[in-house]
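**Q** Number 165 in UniProt numbering belongs to position 165 of the sequence shown; there are no gaps in the numbering.
What the hints contain is simulated information worked out from the structure, not anything from laboratory work. Be aware that one or more of the hints could be misleading.
[Stated by the list, open to error] No more than 30 Å apart at the CA atoms, straight line, and that leaves these computed lysine-lysine pairs for DSS-like:
#: 1; residue 1: Lys459; residue 2: Lys217
#: 2; residue 1: Lys277; residue 2: Lys8
#: 3; residue 1: Lys468; residue 2: Lys518
#: 4; residue 1: Lys293; residue 2: Lys518
#: 5; residue 1: Lys459; residue 2: Lys294
#: 6; residue 1: Lys334; residue 2: Lys390
#: 7; residue 1: Lys390; residue 2: Lys518
#: 8; residue 1: Lys555; residue 2: Lys468
#: 9; residue 1: Lys294; residue 2: Lys217
#: 10; residue 1: Lys468; residue 2: Lys578
#: 11; residue 1: Lys277; residue 2: Lys294
#: 12; residue 1: Lys458; residue 2: Lys556
#: 13; residue 1: Lys122; residue 2: Lys334
#: 14; residue 1: Lys468; residue 2: Lys323
#: 15; residue 1: Lys468; residue 2: Lys458
#: 16; residue 1: Lys277; residue 2: Lys468
#: 17; residue 1: Lys390; residue 2: Lys8
#: 18; residue 1: Lys578; residue 2: Lys555
#: 19; residue 1: Lys576; residue 2: Lys556
#: 20; residue 1: Lys334; residue 2: Lys217
#: 21; residue 1: Lys334; residue 2: Lys294
#: 22; residue 1: Lys459; residue 2: Lys518
#: 23; residue 1: Lys277; residue 2: Lys334
#: 24; residue 1: Lys277; residue 2: Lys556
#: 25; residue 1: Lys217; residue 2: Lys323
#: 26; residue 1: Lys323; residue 2: Lys294
#: 27; residue 1: Lys277; residue 2: Lys390
#: 28; residue 1: Lys468; residue 2: Lys576
#: 29; residue 1: Lys458; residue 2: Lys518
#: 30; residue 1: Lys293; residue 2: Lys277
#: 31; residue 1: Lys578; residue 2: Lys458
#: 32; residue 1: Lys8; residue 2: Lys294
#: 33; residue 1: Lys277; residue 2: Lys576
#: 34; residue 1: Lys293; residue 2: Lys334
#: 35; residue 1: Lys323; residue 2: Lys334
#: 36; residue 1: Lys277; residue 2: Lys323
#: 37; residue 1: Lys458; residue 2: Lys8
#: 38; residue 1: Lys323; residue 2: Lys459
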Amino acid sequence: MTPVREYKSNATFTIADDDAIVHTVFTHASRDPELVLFSRPVGEQWADVTAAEFERLVTGVAKGLIAYGVEPGDRVLLLSATRFEWTLFDFAIWAAGAASVPIYDSSSPEQISWIVENSGAKVAIVETAAHAGSFDAPAVRLLQIEDGAVEALVAAGREIDDDEVRRRVDAIRADDLASLVYTSGTTGRPKGCVLTHRNFLSEVRGILSASIGEVAKPGNRMLTFLPLAHVLARAVSLAMFEAGGAQAHWSNFGTIVGQFARFRPHTILGVPRVFEKVRDAAAQSAADGGAVKKAVFAFAESTAVEYSEALDQGGPSLLLRLKHLVADRLVYAKLRAVLGGECWWAISGGGALMPRLGHFYRGIGVPIFEGYGLTETTAAHCVNVPGAQKIGSVGQPMGGNSVRIAADGEIELAGGVVFGGYWRNELATADAFDGDWLRTGDLGELDDDGFLTITGRKKDLLVTAGGKNVSPGPLEDRMRSHALVSQAVVVGDARPFIGALITVDPEEFGRWRSAHGKADGESLSDLRRDPELLADLQRVVDDANSTVSHTEAIKKFVVLPRDLTEEDGDLTATLKIKRNVVSERFADDIDGLYV
Numbered sequence: 001m002t003p004v005r006e007y008k009s010n011a012t013f014t015i016a017d018d019d020a021i022v023h024t025v026f027t028h029a030s031r032d033p034e035l036v037l038f039s040r041p042v043g044e045q046w047a048d049v050t051a052a053e054f055e056r057l058v059t060g061v062a063k064g065l066i067a068y069g070v071e072p073g074d075r076v077l078l079l080s081a082t083r084f085e086w087t088l089f090d091f092a093i094w095a096a097g098a099a100s101v102p103i104y105d106s107s108s109p110e111q112i113s114w115i116v117e118n119s120g121a122k123v124a125i126v127e128t129a130a131h132a133g134s135f136d137a138p139a140v141r142l143l144q145i146e147d148g149a150v151e152a153l154v155a156a157g158r159e160i161d162d163d164e165v166r167r168r169v170d171a172i173r174a175d176d177l178a179s180l181v182y183t184s185g186t187t188g189r190p191k192g193c194v195l196t197h198r199n200f201l202s203e204v205r206g207i208l209s210a211s212i213g214e215v216a217k218p219g220n221r222m223l224t225f226l227p228l229a230h231v232l233a234r235a236v237s238l239a240m241f242e243a244g245g246a247q248a249h250w251s252n253f254g255t256i257v258g259q260f261a262r263f264r265p266h267t268i269l270g271v272p273r274v275f276e277k278v279r280d281a282a283a284q285s286a287a288d289g290g291a292v293k294k295a296v297f298a299f300a301e302s303t304a305v306e307y308s309e310a311l312d313q314g315g316p317s318l319l320l321r322l323k324h325l326v327a328d329r330l331v332y333a334k335l336r337a338v339l340g341g342e343c344w345w346a347i348s349g350g351g352a353l354m355p356r357l358g359h360f361y362r363g364i365g366v367p368i369f370e371g372y373g374l375t376e377t378t379a380a381h382c383v384n385v386p387g388a389q390k391i392g393s394v395g396q397p398m399g400g401n402s403v404r405i406a407a408d409g410e411i412e413l414a415g416g417v418v419f420g421g422y423w424r425n426e427l428a429t430a431d432a433f434d435g436d437w438l439r440t441g442d443l444g445e446l447d448d449d450g451f452l453t454i455t456g457r458k459k460d461l462l463v464t465a466g467g468k469n470v471s472p473g474p475l476e477d478r479m480r481s482h483a484l485v486s487q488a489v490v491v492g493d494a495r496p497f498i499g500a501l502i503t504v505d506p507e508e509f510g511r512w513r514s515a516h517g518k519a520d521g522e523s524l525s526d527l528r529r530d531p532e533l534l535a536d537l538q539r540v541v542d543d544a545n546s547t548v549s550h551t552e553a554i555k556k557f558v559v560l561p562r563d564l565t566e567e568d569g570d571l572t573a574t575l576k577i578k579r580n581v582v583s584e585r586f587a588d589d590i591d592g593l594y595v
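Just need the whole structure built from these sequences, with the hints factored in.
**A** Structural data, given as structure tokens:
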């Protein structure tokens, strides 16, 4: 198909054919051995890890892997929650000349079995005994982090000369396999994306050569808490490492806000839900404080949004600047303190960030820069950056990347970050490309300045019985932006009108139940048809409907008796809805909309 619009950025970096992502480990240790690269949680404190210490650990673990029989080009599985050892093993696997194969720590035994079989890995690093119990692969040698895997490998490799590690590192070429990263798989079996050292270097140097990379420098800190098995968290973590910044790891989403205050990061990488939770918690705290505090927060929020919007329209007026100054003293300074007090800016990916939320954060002084990419593009392909941001878009292509919109509206991507294909799957690889261009399956628009806006997912398009095409994503994102809603699934394919399945946020449900005088023992299942709850959710639906035409609007909705979760198999590890699973499990609820 003929592209209708195309945009390319210029690269300001080069990648040599003998370059590799692991080289920086040894460069840092040689140039600045006392440079602090990591902080590890030890009790209530953080213990620093210097460049020299990290190089010794990487070398020691790599020698252990070699002693265990790992050869150049082999694949080594890595199944763990986000922690310091995840990054250590990632680099050590590369230093042994091998390729890492991340697996989400929430993966099912069936998913693990498929990845083991498909990747051909012979060694696996797992975090816990429970993870080890998920493996049914006698040919795979297991090492457990919580059972001394690091120490065991260092001990096993003592007879291996350090020079063997350097020989293997020096033998790596930029186009060698660095990692097999399996797609999370909303349908069918996950596919292994072949990512090379050149792919990772293109991503890392693209980030660092953009203005957003200015925050990544020695002395600055980042708290890594998203799953490192997800390519976005890994890529940003690698960029911070390449630049010599310090980072700490945390995997408990429930306590992450407390860690912001503890570690005081200069940048935060999150998904929209993280930023929504921080805003919602502040709003709820204000509401709990009485009518005056609730009114003050509402004033501050509307002022932040108005102020941010004015930045794109010639600048705020004197009156608006004065209102903003008052709101800063009353509210914004406290919100910035919640994020650690030193955060320059945040990065959001993995889903759509509502424009109002983006304006809110920019208005309080912590701009969120939204980007877009796939596993197949080694994370971000496009990104908003300081000095070049359009809230509501996902930015311009970075680092020599190109984007185009095909005649049917599909987004197609090219550039150094784009993978070479799927592991042992030539058919899927051929289907993924139009010449050198990667077909994303996403729909979008590209403006004259090269800013990309995502408008939907090609395969998710619903066609009503009346022939109307409806993209469910924008409606779902809008509904999810409300504190009371956890998940929303828009339905209506081959049906007479558009409907929706809605789940209620478990924490917000408890507060809603108390505020409306319901009995403490009443569950969501008991109250999902309660007129007051339905009325509150109808307002959420009405708000979403205000963004679309009458024929695209949601006519009816149903509240599901439980939330959608990854544990129940409703969501992928990156919290994307498995539409086929949800449609099958809640078929009766969907049918009930059309009775």
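**Q** Can the restraint linking Lys8 and Lys294 be considered satisfied, given a maximum Cα separation of 30 Å?
**A** 46 Å, violated
**Q** Mind checking the alpha carbons of Lys468 and Lys576 for me, to see if they're no more than 30 Å apart?
**A** Holds, because 24 Å separates the two Cα atoms, which is no more than 30 Å.
**Q** Next pair to validate is Lys294 with Lys217; report whether the Cα-Cα distance is within 30 Å.
**A** Outside the cut-off at roughly 39 Å; violated.
**Q** Given the hint that Lys277 pairs with Lys294, test it: the Cα-Cα distance must not exceed 30 Å.
**A** The given pair, whose Cα atoms are some 17 Å apart, holds under the 30 Å limit.
**Q** Is Lys293 close enough to Lys518, meaning Cα to Cα at most 30 Å?
**A** Given pair Lys293, Lys518 holds - Cα atoms ~25 Å apart, limit 30 Å.
**Q** Taken at face value, is the distance from the CA of Lys390 to the CA of Lys334 at most 30 Å?
**A** 26 Å, holds
**Q** Can the restraint linking Lys458 and Lys556 be considered satisfied, given a maximum Cα separation of 30 Å?
**A** 24 Å, holds
**Q** If you draw a straight line from the CA of Lys334 to the CA of Lys294, is it 30 Å or shorter?
**A** The hint holds at about 15 Å.
**Q** Just to be careful, I want the Cα atoms of Lys277 and Lys556 compared with a cutoff of 30 Å; is the pair within it?
**A** The hint holds at about 27 Å.
**Q** When you check the alpha-carbon spacing of Lys277 and Lys468, does it fall within 30 Å?
**A** Distance of about 34 Å is beyond 30 Å: violated.
**Q** Can you confirm whether the C-alpha distance between Lys277 and Lys334 stays at or below 30 Å?
**A** Holds: Lys277 and Lys334 sit about 15 Å apart, inside 30 Å.
**Q** Hinted pair, alpha-carbon criterion (30 Å max): Lys390, Lys8. Please report holds or violated.
**A** 17 Å, holds
This entry does not satisfy hints 1, 2, 3, 5, 7, 9, 13, 14, 16, 22, 25, 29, 32, 38, going by the numbered hints stated previously.
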